[in-house]
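Number of protein chains: 2
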Amino acid sequence: MANTMFLSSSVKVKPLLSSIAYTPEIPCQWYNLIADLPIKPPPPLNPKTFEPLQPQDLSHLFPDEIIKQEGTNERFIDIPEEVIDVYGLWRPTPLIRAKRLEKLLDTPARIYYKYEGGSPAGSHKPNTAVPQAWYNAQQGVKNVVTETGAGQWGSSLAFASSLFGLNCEVWQVRASYDQKPYRKLMMQTWGAKVHPSPSNITESGRRILEQDPSSPGSLGIAISEAVEMAAKNPDTKYCLGSVLNHVLLHQTVIGEECIKQMEAIGETPDVIIGCTGGGSNFGGLAFPFIREKLSGKINPVIRAVEPSACPSLTKGVYAYDYGDTAGMTPLMKMHTLGHDFVPDPIHAGGLRYHGMAPLISHVYELGFMEAIAIAQTECFAGAIQFARCEGIIPAPEPTHAIAAAIREALHCKETGESKVILMAMCGHGHFDLPAYDNYLKGNLVDLSFSEEKIKASIANIPQSSA
Amino acid sequence: MANTMFLSSSVKVKPLLSSIAYTPEIPCQWYNLIADLPIKPPPPLNPKTFEPLQPQDLSHLFPDEIIKQEGTNERFIDIPEEVIDVYGLWRPTPLIRAKRLEKLLDTPARIYYKYEGGSPAGSHKPNTAVPQAWYNAQQGVKNVVTETGAGQWGSSLAFASSLFGLNCEVWQVRASYDQKPYRKLMMQTWGAKVHPSPSNITESGRRILEQDPSSPGSLGIAISEAVEMAAKNPDTKYCLGSVLNHVLLHQTVIGEECIKQMEAIGETPDVIIGCTGGGSNFGGLAFPFIREKLSGKINPVIRAVEPSACPSLTKGVYAYDYGDTAGMTPLMKMHTLGHDFVPDPIHAGGLRYHGMAPLISHVYELGFMEAIAIAQTECFAGAIQFARCEGIIPAPEPTHAIAAAIREALHCKETGESKVILMAMCGHGHFDLPAYDNYLKGNLVDLSFSEEKIKASIANIPQSSA
Chain Y
1 MANTMFLSSS VKVKPLLSSI AYTPEIPCQW YNLIADLPIK PPPPLNPKTF EPLQPQDLSH
61 LFPDEIIKQE GTNERFIDIP EEVIDVYGLW RPTPLIRAKR LEKLLDTPAR IYYKYEGGSP
121 AGSHKPNTAV PQAWYNAQQG VKNVVTETGA GQWGSSLAFA SSLFGLNCEV WQVRASYDQK
181 PYRKLMMQTW GAKVHPSPSN ITESGRRILE QDPSSPGSLG IAISEAVEMA AKNPDTKYCL
241 GSVLNHVLLH QTVIGEECIK QMEAIGETPD VIIGCTGGGS NFGGLAFPFI REKLSGKINP
301 VIRAVEPSAC PSLTKGVYAY DYGDTAGMTP LMKMHTLGHD FVPDPIHAGG LRYHGMAPLI
361 SHVYELGFME AIAIAQTECF AGAIQFARCE GIIPAPEPTH AIAAAIREAL HCKETGESKV
421 ILMAMCGHGH FDLPAYDNYL KGNLVDLSFS EEKIKASIAN IPQSSA
Chain W
1 MANTMFLSSS VKVKPLLSSI AYTPEIPCQW YNLIADLPIK PPPPLNPKTF EPLQPQDLSH
61 LFPDEIIKQE GTNERFIDIP EEVIDVYGLW RPTPLIRAKR LEKLLDTPAR IYYKYEGGSP
121 AGSHKPNTAV PQAWYNAQQG VKNVVTETGA GQWGSSLAFA SSLFGLNCEV WQVRASYDQK
181 PYRKLMMQTW GAKVHPSPSN ITESGRRILE QDPSSPGSLG IAISEAVEMA AKNPDTKYCL
241 GSVLNHVLLH QTVIGEECIK QMEAIGETPD VIIGCTGGGS NFGGLAFPFI REKLSGKINP
301 VIRAVEPSAC PSLTKGVYAY DYGDTAGMTP LMKMHTLGHD FVPDPIHAGG LRYHGMAPLI
361 SHVYELGFME AIAIAQTECF AGAIQFARCE GIIPAPEPTH AIAAAIREAL HCKETGESKV
421 ILMAMCGHGH FDLPAYDNYL KGNLVDLSFS EEKIKASIAN IPQSSA
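Protein chains in written order, with full-length UniProt numbering: chain Y, 1 to 466; chain W, 1 to 466.
Hints are computed from structural coordinates only; laboratory data are not their basis. Careful: at least some of the hints might be erroneous.
Because identical chains cannot be distinguished in the list, a pair is counted as satisfied if it fits within a single copy or across any two copies.
[What the hints assert, rightly or not] Here are the simulated EDC-like pairs of lysine to aspartate or glutamate, each with C-alpha atoms no more than 20 Å apart in a straight line:
#  : residue 1 : residue 2
1  : Lys103    : Asp64
2  : Lys103    : Glu82
3  : Lys293    : Glu51
4  : Lys193    : Glu102
5  : Lys180    : Asp437
6  : Lys453    : Glu65
7  : Lys453    : Asp324
8  : Lys12     : Glu25
9  : Lys99     : Asp85
10 : Lys232    : Asp446
11 : Lys68     : Asp344
12 : Lys293    : Glu378
13 : Lys455    : Asp340
14 : Lys40     : Glu292
15 : Lys180    : Glu203
16 : Lys12     : Asp85
17 : Lys441    : Glu81
18 : Lys293    : Glu74
19 : Lys12     : Glu81
20 : Lys441    : Asp178
21 : Lys413    : Glu25
22 : Lys455    : Asp324
23 : Lys297    : Glu210
24 : Lys12     : Glu292
Quick caveat, the model's predicted, so the values are computed rather than measured.
Please work from the sequences and hints to get the whole structure.
The following block contains the structure:
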């Protein structure tokens with residue numbers, strides 16, 4: 001029965017248009033930018049001794065392979081066969097030319113976007129959730145725990161865990177747990193247990209609940225709860241969705257694929273744009289292009305876009321700071337607004353992080369990239385234009401990349417330059433439609449930006465380690 | 001600036017695994033099964049004269065090209081360049097082997113699914129919404145109107161209309177409008193106007209509201225409202241999302257692509273399975289394979305799966321009946337439960353239609369396919385297994401195909417046959433997560449099936465035209 005070919009050549013087919021580039025290949029290696037940097041990034045520090053962190057300091061949290069990847073100087077890391085197999089569910093992701101948007105803007109620029117929203121969880125996050133789950137399963141770990149805010153990361157880890165038979169528990173910030181039930185239901189559909197944080201399961205949670213039984217929670221509290229669970233249970237490990245080197249490493253599959261796709265259509269990017277929260281989406285697309293830039297083959301401008309309400313790169317300081325609010329994580333040298341900075345409740349929940357990935361911070365310091373901040377009304381205005389021209393409704397996070405790309409395209413209209421603009425479109429907005437409703441009803445405002453607030457939280461950064 | 005190639009051959013890439021078949025091509029023709037049928041299907045009838053419908057009877061509703069396609073005997077219809085360009089946003093869609101599900105079921109069968117959920121609106125519906133919007137825009141139509149229940153079709157037409165500068169108005173059944181706000185927000189994000197139906201904008205709506213100011217509405221009422229708007233306004237046309245020949249024609253892009261993909265991996269389907277509501281998803285995948293079957297090249301079993309709560313093929317009669325509840329549409333010969341049959345409120349809203357596409361009904365009568373009905377608890381049980389193995393959370397409609405594929409795979413386990421099972425996975429369940437919640441909490445029940453109810457509604461079918 002099998003392998004009997006049947007030929008039906010009667011219907012005509014045509015090659016894909018040059019504006020949409022698929023390659024019939026998936027990268028089988030991740031790229032580690034550290035290997036090519038002229039100066040290595042400063043090491044993370046043990047929060048107790050302020051000495052450089054040792055691999056064993058992390059062994060209660062992560063499996064060995066992840067710890068190795070976190071500190072490696074190797075240039076290329078092979079992607080496990082089983083991970084590539086799962087990537088194939090949504091990879092290669094399309095690189096699409098936004099021709100209708102170009103026409104609307106009447107720009108000579110050519111605008112391309114690399115779209116990651118086709119993954120089962122709807123964003124780029126599964127690119128790292130899948131290998132993290134895989135390495136844990138390989139090491140015999142039974143349970144993985146993590147925190148999540150709006151739920152993009154939690155749902156990605158729930159998805160990945162279900163494929164490899166891992167139990168997954170997620171501490172979700174209570175405000176989101178109550179207000180945005182769909183992501184929680186998604187995690188449960190994949191078999192994960194979801195706890196509102198603060199919970200009475202952990203000491204950290206109980207301590208908060210004693211003080212405030214109706215606490216809405218925060219990402220900092222949720223991290224503490226998940227980390228506590230991993231520390232207490234030997235068959236339980238912790239997973240993180242951004243910021244760390246191994247997470248950015250896994251995301252380079254985006255940029256590697258994109259390089260091949262741009263080659264296939266004979267284009268070279270002049271400007272590469274991505275939104276930055278923790279930095280994994282931006283780094284994933286940009287790092288392979290930075291390699292090409294360092295080698296002198298191309299010379300694109302590489303531009304991070306952060307929300308005005310949480311401007312770690314453009315308004316933060318470059319200093320050693322904690323990754324969480326409570327100060328339980330290692331100290332990392334990064335651009336930070338201070339670990340107790342609480343950003344205003346903008347819709348782009350994934351960009352509300354006080355610090356920037358240490359590796360992106362380092363690359364920024366080296367001058368290989370630039371950064372700007374944009375307020376959310378401009379982002380949603382651009383997103384509506386994009387959705388109505390291009391069809392895809394973006395998540396609130398990549399609307400920042402869209403707004404910056406539109407700025408660049410309109411600048412090209414003035415100067416007459418036909419630049420090639422490439423942007424990272426990291427996820428869809430299916431669960432963020434109330435934010436669009438808000439914008440369309442004129443209820444969206446740019447939240448007041450307070451220099452005082454930033455000054456106050458920056459003052460709390462542990463100076464001893466700077 | 002442009003076309004400067006840069007070569008980055010340092011990262012290894014590998015061809016896609018044989019279990020995931022992408023072809024770098026999109027079909028540029030739709031396939032019309034009518035051309036190959038040994039007996040042509042019975043014509044639709046004018047509801048006033050009971051005479052075969054003439055093209056001009058439809059000109060107040062549809063643009064000329066759509067009317068032509070509705071009645072054509074041509075075998076292949078060229079897809080307009082601009083439509084192919086938009087298809088490229090999500091086409092070719094992946095054909096994926098469900099290897100982890102096979103392993104879970106411990107079956108010798110090979111299970112493949114063709115996934116249409118990657119379209120901007122999240123289902124197969126844009127395959128026809130885009131050409132319908134395009135032909136209307138080409139003819140100078142300014143506004144398109146339609147009805148929608150849960151919102152899959154309305155959001156697809158809103159998406160397509162936004163790309164071609166058409167105004168789009170959707171009458172959404174009030175119960176869904178109130179209970180499922182996300183699809184409505186999606187339509188509004190694409191710029192559509194959405195009215196709860198019954199509305200006081202139309203005579204049909206006002207008539208209902210006079211009798212019952214708090215009417216929850218029905219698809220039948222919403223159709224009446226949209227058709228009335230099109231009939232009254234010369235620059236407004238009506239669009240339908242399933243049932244009619246031209247809709248099934250547009251959906252054949254699924255099956256044509258799938259044939260090429262199966263050829264590329266050297267597989268031949270033994271069983272082809274799709275869910276049926278109006279029939280467009282099923283016909284889209286199955287019709288090109290039926291052509292191959294008629295030509296004698298392959299001989300797959302072709303199996304429609306309908307919900308036990310709305311079993312038009314398995315429990316209906318084959319007779320001329322109206323397409324809407326109020327009896328305003330042409331009479332079509334189809335398998336029907338009677339135009340005033342009101343199915344129980346199962347989660348698969350897209351399968352709650354009293355009739356089956358006339359072309360599918362005819363093919364069923366000719367014996368080229370078979371049909372079964374499955375109750376929703378079995379469907380959701382299968383969907384949970386699928387989601388946790390394969391990652392994709394299916395819409396409630398394709399859970400019927402999954403349940404049937406699992407039955408077939410388990411049968412193969414008993415017999416030892418290594419059949420190739422191909423199923424139509426027509427959309428994701430991002431907006432249907434409360435249904436999964438219901439199932440996981442044990443609150444989902446199989447609604448009681450009433451032979452009496454079907455008998456009563458079948459009795460109301462207009463016998464004069466049978």
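For each hint, the structure was consulted:
1. Lys103 / Asp64: For Lys103 and Asp64, neither the intra-copy (51 Å) nor the inter-copy (28 Å) Cα distance is at most 20 Å.
2. Lys103 / Glu82: Classified as between; 14 Å across copies, 42 Å inside a copy.
3. Lys293 / Glu51: neither (34 Å within a copy, 72 Å between copies)
4. Lys193 / Glu102: Neither way: Lys193 and Glu102 sit 44 Å apart in one copy and 25 Å across, limit 20 Å.
5. Lys180 / Asp437: Close inside one copy (15 Å) and across copies (14 Å); limit 20 Å.
6. Lys453 / Glu65: neither (40 Å within a copy, 62 Å between copies)
7. Lys453 / Asp324: Answer is within; shortest intra-copy Cα gap is 18 Å, inter-copy 61 Å.
8. Lys12 / Glu25: between (24 Å within a copy, 10 Å between copies)
9. Lys99 / Asp85: between (32 Å within a copy, 10 Å between copies)
10. Lys232 / Asp446: Neither. Shortest intra-copy (42 Å) and inter-copy (44 Å) distances fail the 20 Å Cα cut-off.
11. Lys68 / Asp344: For Lys68 and Asp344, the Cα distance exceeds 20 Å both inside one copy (36 Å) and across copies (56 Å).
12. Lys293 / Glu378: Result: close neither inside a copy nor across copies, 30 Å intra and 55 Å inter.
13. Lys455 / Asp340: within (11 Å within a copy, 68 Å between copies)
14. Lys40 / Glu292: within (18 Å within a copy, 61 Å between copies)
15. Lys180 / Glu203: neither (26 Å within a copy, 39 Å between copies)
16. Lys12 / Asp85: Answer is between: at 16 Å across copies they meet the 20 Å cutoff, but 31 Å inside does not.
17. Lys441 / Glu81: Answer is neither: 48 Å inside a copy and 36 Å across each miss the 20 Å cutoff.
18. Lys293 / Glu74: Cα proximity of Lys293 and Glu74: one copy only (19 Å, versus 54 Å across).
19. Lys12 / Glu81: Between copies, since 13 Å is at most 20 Å while 35 Å is not.
20. Lys441 / Asp178: between (23 Å within a copy, 18 Å between copies)
21. Lys413 / Glu25: Close neither inside one copy (35 Å) nor across copies (33 Å); limit 20 Å.
22. Lys455 / Asp324: within (18 Å within a copy, 65 Å between copies)
23. Lys297 / Glu210: Neither, since 59 Å and 72 Å both go past 20 Å.
24. Lys12 / Glu292: between (39 Å within a copy, 15 Å between copies)
The earlier numbered hints that this structure contradicts are 1, 3, 4, 6, 10, 11, 12, 15, 17, 21 and 23.
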